[in-house]
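Work out the full structure: start from the sequences and follow the hints.
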Amino acid sequence: MKKSAIGFWLLPLVLLSATTMANRNNGIDVVVPVSPEILNNTGGYSNNDSNVNCPRCCIYDNRSYSEGAVVKAEGVLLQCSADKNVLSTNNLKWVVLKKG
604 MKKSAIGFWL LPLVLLSATT MANRNNGIDV VVPVSPEILN NTGGYSNNDS NVNCPRCCIY
664 DNRSYSEGAV VKAEGVLLQC SADKNVLSTN NLKWVVLKKG
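Per our numbering, the very first residue in the sequence shown carries number 604; after that it's consecutive.
Hint data in this document are derived by calculation from the structure and do not stem from the laboratory. Possibly wrong hints are sitting among the right ones.
[What the hints assert, rightly or not] Derived CB-CB ranges, DEER-like:
1) K701 with E670: 26 to 34 Å
2) N656 with G678: 28 to 36 Å
3) K702 with D664: 29 to 37 Å
4) P658 with K702: 12 to 20 Å
5) N656 with K701: 12 to 20 Å
6) K687 with P658: 26 to 34 Å
7) N656 with K702: 17 to 25 Å
8) A685 with N656: 15 to 23 Å
9) R659 with V699: 29 to 37 Å
10) P658 with G678: 29 to 37 Å
No experiment lies behind these values; they were computed from the predicted model shown. No residue lacks a Cβ here, since even glycine has one placed at the ideal position from N, Cα and C.
What follows is the structure, encoded as structure tokens:
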């Protein structure tokens with residue numbers, strides 16, 4: 604048998620076995636551990652008030668606040684406001700209204 608004939612039969616056999624191996628793992632090549640926060644898409648916060656995912660909220664003390672909300676934190680008044688300098692789907696940030 605010539606070398607070219609061996610290569611002709613060997614290549615499809617190798618490709619077929621590689622496909623069989625991939626199917627045996629259901630197409631999964633790498634398993635990466637992921638924390639529940641990422642899977643739940645909550646950005647690392649658990650919203651205790653409701654289970655609604657808030658894509659445009661300010662977060663304080665593990666609670667979601669909408670634009671305009673005012674919170675007193677350690678003697679400082681904070682307001683959830685839009686940042687005009689940021690172009691994003693969530694451009695909200697805490698702005699200090701009054702200290703002490």
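message: To test your reading of the hints: which numbers does this structure violate?
response: Result: hints 1, 3, 4, 5, 6, 7 and 9 break, sorted rising.
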